[in-house]
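The opening residue of the sequence shown carries number 6 in the working numbering; numbering runs sequentially from there.
Careful: at least some of the hints might be erroneous.
[Stated by the list, open to error] Cβ pair distances, simulated, as ranges: (1) Phe166 to Val142: 50 to 60 Å; (2) Ala150 to Ile310: 17 to 27 Å; (3) Leu240 to Val326: 19 to 29 Å; (4) Phe53 to Leu268: 10 to 20 Å.
Just so you know, the hints here were simulated from the structure itself, not pulled from any lab data. Heads up, the beta-carbon is just placed ideally off N, CA and C, and yes, glycines get one too.
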Amino acid sequence: MLIALFVTAYFARDLILPIVLGFLLALTLSPVSRGLHRAGMPHAASGFVLIAATAVLVLGIIGGSAGTVALWSDEIPKMGVEIQQKLRGMADAVEEVRAATAEVEKIGKEENGGETSEVQEVVVKAPTLLSSAFNTVTQFGATLAVTLILALFLLSSGELFYLKLVQAMPTMAEKKRALSTVYDVERRVSRYLLTITIINACLGFAIGIYLAVLGLPSAYIWGIAAFLLNFLPYLGGFIGAVLVGAFSIVTFDSLGYALLAPLGYQILTGIEGQLITPWLVGRRLELNTVAVFLTVVFWGWLWGIPGALVAVPFLVVFKVVCENFEALNVIGNFLSGEAVKLEEADEPHGLDADKTVQGADV
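All chains should be modelled from the sequences, with the hints used to inform the complete structure.
Quick look at the structure:
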């Protein structure tokens with residue numbers, strides 16, 4: 006059953022991914038939407054405002070960075086040559102190793118009588134660059150549209166989803182249990198996602214300012230990249246530092262000065278990962294690092310980069326569900342970052358479970 010579920014998730018990625026992103030976006034914005042509703046704004050209006058603001062922000066980031074990124078993509082071969090020239094000493098050492106390896110292979114062939122097996126080379130014609138770019142843009146646009154529309158419907162529905170869930174439960178105890186679990190998932194996951202998003206935005210701003218002070222061109226692009234890559238635990242900071250380091254080596258004449266860019270990048274991401282995020286997220290949502298790593302690897306293998314980005318939110322949802330069902334408490338305790346006694350989920354602030362259950366029964 007579990008294998009069939011994962012096989013379905015693999016082949017239906019294009020369908021399931023935007024649905025998952027839509028739910029995660031709705032969870033992230035739900036506290037803001039509920040706050041606007043308490044201020045007198047209808048759910049439909051608050052949902053429209055939040056999704057419209059999100060769409061404008063995403064499209065603004067894409068529009069502001071697309072031109073620079075496209076220019077860089079055209080100059081990647083040139084950048085590669087410049088990096089090789091500036092790192093010629095290391096390249097020479099690698100070439101010596103390669104030559105020695107080739108010499109050893111040649112000696113081995115001579116000892117075998119010079120017999121070599123002929124290998125038939127098969128060349129697979131790859132799609133053109135224009136075709137690949139068009140397919141990528143089309144797929145991204147469809148995913149973004151489905152994500153935003155689904156999140157809009159979820160935010161606009163208000164408490165309708167919870168009422169339907171309560172109505173599906175047969176007994177009053179199960180109604181309260183289901184409602185308490187859903188509220189706990191929503192509150193804690195939305196708190197986690199919103200907090201992480203704000204932290205990543207601040208990190209991206211700090212990295213952009215630092216690189217701009219160093220004199221790196223288009224530093225804001227790297228700030229945006231740092232914001233997005235930091236959603237990828239462990240690997241995101243390393244990938245960002247490597248990319249920034251490569252670009253700074255091409256940009257600056259001094260190799261020592263160029264290394265200040267990736268060094269500062271790593272220091273800032275280290276401060277965020279080791280101090281700021283654990284302090285702001287709190288012990289209740291701390292996760293087992295082994296579980297996080299394995300989850301990122303698994304979903305990255307299953308769905309690629311999008312899967313790695315949504316892996317931790319998946320794990321947070323699963324952890325909260327495990328903590329709300331006694332039979333799964335052992336798994337929830339294993340997923341926790343600290344070996345602490347599991348506490349009962351707090352009653353959701355501003356949400357009256359009994360009142361909602363009674364409203365659903367009516």
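Is the distance from the Cβ of Phe166 to the Cβ of Val142 consistent with 50 to 60 Å?
violated (33 Å)
Lying within 17 to 27 Å: is that true of the beta-carbon distance Ala150 to Ile310?
With a Cβ separation near 19 Å, Ala150 and Ile310 satisfy 17 to 27 Å, so the hint holds.
Range first: 19 to 29 Å. Now tell me if the beta carbons of Leu240 and Val326 are that far apart.
holds (26 Å)
Can you let me know if the beta-carbon spacing of Phe53 and Leu268 is within 10 to 20 Å?
violated (44 Å)
Hints 1, 4 from the earlier list are contradicted by this structure; the remaining hints agree with it.
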